[in-house]
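Sequence lines, in order, name chains A and B.
Oh and the first sequence: position 318 is 318 in the working numbering, straight run, nothing missing.
Oh and the second sequence: position 17 is 17 in the working numbering, straight run, nothing missing.
Hints are not guaranteed to be accurate.
To be verified - Here are the computed lysine-lysine pairs in the DSS-like style, where the Cα-Cα straight-line distance is at most 27 Å: (1) A:K315 x A:K31; (2) A:K218 x B:K6; (3) A:K131 x B:K6; (4) A:K134 x B:K272; (5) A:K218 x A:K355.
I should point out that these hints are in silico values taken from the structure, not numbers from a laboratory.
Predicted, not measured: the structure shown is a model, and the values here were computed from it.
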Amino acid sequence: MRPKALALGCAALAAAVVLSGCGSGTASGGKTKLTIGLFGNFGYAELFKEYMAAHPDVEISDRTASYSDHHKNLAAHLATSSGNADIEAVDTGYINQFKATPDKFVDFNTKGGEQLKDRWLPWKWEGSLSKDGKQIGYGTDVGGLAICYRRDLLQNAGLPADRDQVAALWPTWKDFMAAGKKFQEKAPEGVKWFDGGPSVLNAIVGQTPVGYYDKSDKIIVGENKDIKDGWDLVVDGVNSGLSSKLLYSTPVWNTGFKQGQFATVTCPAWQMAKIKDQAGPEAAGKWDVTSVPGGGGNWGGSYLTVPKSGKNIDKAVELAAWLTAPEQQAKVFKSAGLLPSTPKLYEDPAIVDYKNPYFNDAPIGKLFTDAAKKLNPQYQGPKAGDIQTAIGSAMQRVEQGKQNGEESWNQFVADVQK
Amino acid sequence: MAVIDKTTRRHRWDTRFAPYGYVAPYFLIFGVFGLFPLLYTVWVSLQQRNLIDADAARFVWFANYAQLLADPYFWNAMGNTLSLWLLTTVPQILLALWIAQLLNRKVRTRTLFRMGVILPNITSVAAVTIIFAQLFGRDFGLINWSLGLFGAGQIDWQAGTASSHIAIAVMVVWRWSGYHALIFLASMQAIPSSLYEAATLDGANGRQQFWRITVPLLRPQIIFSTIIATTGNMRLLAEPLLFNPGAAAATGGSDRQFQTAALYLYEQGFTKYEFGYSSAIAVVLAIATVIVAGLGYFVTKRIRTE
C-alpha cells in the first residue's frame, strides 16, 4: 500500500473503532483489556490492582453507573449485542429478568463453574441458574439485614444508645414503630425516626417467607397477607409523622445523611459503605448497627455475569471467578462491608470477629454472619426488581399525601398485575 | 470526430447525473440515520417483542395500538406532554422576543450579552437538570428557602402535578430562550430603521412599535421557532427523567404526575422491555407532534400587520 492509502485505511479503521463505541479489545502492548460494569460500591479497586500485578497481561478498567442506569444500559446493550463490558454486575432484583434469556450470557457451567458450586450458599447459586440449568452469574455478596442508627439522636430523645438495648427495643416491626413514636415526641424539628417508608417496607418484604411471586412465577403480592400487614404498619408510621419521606438511593436521601434528617435506616450490609460515604468522616462514631426487627432477612446482593458478545470471554470468566472467590470476598467485606455469599467465611474468625470502626466498633462480622445463617431465602420472580420499585412509588404516594394507604395499595396491585 | 462525440456525451452525462452525486451524501445519511430508523420503528411497533429477546418476536399487527389507545397511563402521559408543551413553548417564545428586544439596543459590551444568552443552551442538559432538581429540593432547595422568606410553606415540587410541571418548564425555558432570542435578534437587525422613524413621526410609542412593526415582521422567525420548540418540547425526556432520580426515575413521579410520552416510551422499552409497545408509543407521539406543530404553525401564521 502507498503511504497515503495506508493513512486513509488507518483513519477508516480508527473511525470504525470509534463507531463501535465502548467495545473492548486488545490494548496496546499486547495486554488484554477487560472492562467491568458495576453500580454502587463493590469495593474492587484494590482487588483490580492485585489481579493486574499477578497477571501483567491483563488491564482492567471499570465503569460505574447508578443502580437503575446500570441495569437499563445492560439491557439495551444486550439487545444490540454491542457495548457491553466484558463482565457485568447484576443485582438480585434483576437477575431473574436476565436469566430468562440465558443465551445472551456465557454459561459458567461450560467453563468449570460446576466445580465451584460449593463455594456459595445454595440459594445464591440457584438464584442465577436458568430454568434449563445454565449458570449465568457468580454470586458476589448477599445483603443480609440490620438496622443502622444514630446513637446521639436516640440518646437525646431519651432512648438507649447501646446496641443490645436498642435491639431489645424492637423485637418486632410493631415495636420498632412504637419506639419511633416515643422518639418523635422528643425529637428536634426536622429529624424523623426513619428515612422513608419504601426502605422500611423493603426490609419487611425481605423477611417474609413468600415475596411478590409464588414459585410458579405468578404475581401473588395482592393476596400476600404478610406484605399487606407490613404495608399497613409502615403507612401507620408515615401517618404518625415518623418518616423523613426521602426515597432511598436518591440525592436528597444522600443529603439526609449529611444533615442528620433521620435516626434509623434499614441496613443491608452494602448500605454501610453508602452511609460512610454520605455521612462523611464528621459522623464517625455517631452511627451504630444492631439487629433488625423480626430476625434475619435479605435485601439485595449481586452477581457477576459475562455477556456472550464480549471478545475476551475466557479471561473475563477467569476474572469473575477470582473476584467472587472466598478469599476476595473476605477482603471486600473488610474494605466495603459487603457480606460474603460463601458460607465458608461465616466460620472464619477473621470475618466473625471483625469490628467496623466507623460504626462505633460494631461487631458487624458477628451481626451479619449470624443473620446470614438464619436467613430463609425467598423466591424472587422474574420482575421482582420492578415490583420493588412500584411498591416504593406506592408508598411515596402516601408520604406525599396524594393517596391514602388503601387507594395506593389497590393501585399498586393493579399496576403490577397488568 | 468520435473522440469529440465521446467527450460531449461524457459532458452531458456529467451535467445530468453529477448533481445527484453531489446531493447523495445528504440523502444517504438521512436514509441511514433518519428514514431507516423511522420505518424500522413502525415495523417493530407491529410486533410483540421483548427488548433482549428479538428471536421470540411475533407479528401482532395493530394490537399494540389498540392496547395503547385504551391505556390510561398513556393518556396521562400525553396530557402531561401537552401541558408541558404549552408551559414551555409559549413562555419561551415570549421571553425570547423580550430578550431580543433588550439586546437590540445600543448598550455597551452587547456582544458579551449576546454571547451570554446562548450559554444555557450549550450547557449539558443532565447538568442543568441535576442543578435545578437541587434548587427545587423540598428540604434544602434554594427556591423553597427564598419562598420561605416571604412566609410561604415548603413546597414538595416533585410531588404535585402543577408544581412539577412548573419546575420542569422553568428548566426548559431557561435553557432554550436564549437560543430563540438570538434568532429573533438577527432578523430584528434586518428591519429597516426607516419604519421605526416613520412610526415615531406618526407618534407611535415604543410598545406600539414593538407589537405593530417588530413582531409582524418577525413572523417567519416566530413560525420557525415555534415549530422547532414544539418538536423539542413534545419529546422531553431528560428533564423529567433526571428530575426524579432513583430506581423509579422512568415513571416520572410517584403517581406519574410528570411522566411525558417520551418517558413512558422509555419506561415501556427499557424497564419493562416491551420493545414493540414502546415503538407504537413512538409512532403515535410522532404523529401527535406533527399535529401540534401544525397547530402552532396556524396560530403563528395569523400574526400580521394591520
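Here's how the hints hold up against the structure:
1. A:K315 x A:K31: holds (12 Å)
2. A:K218 x B:K6: Not OK: K218 (chain A) and K6 (chain B) at ~77 Å, beyond 27 Å, violated.
3. A:K131 x B:K6: violated (71 Å)
4. A:K134 x B:K272: Holds - the C-alpha atoms of K272 (chain B) and K134 (chain A) are around 23 Å apart, at most 27 Å.
5. A:K218 x A:K355: The hint is violated at about 42 Å.
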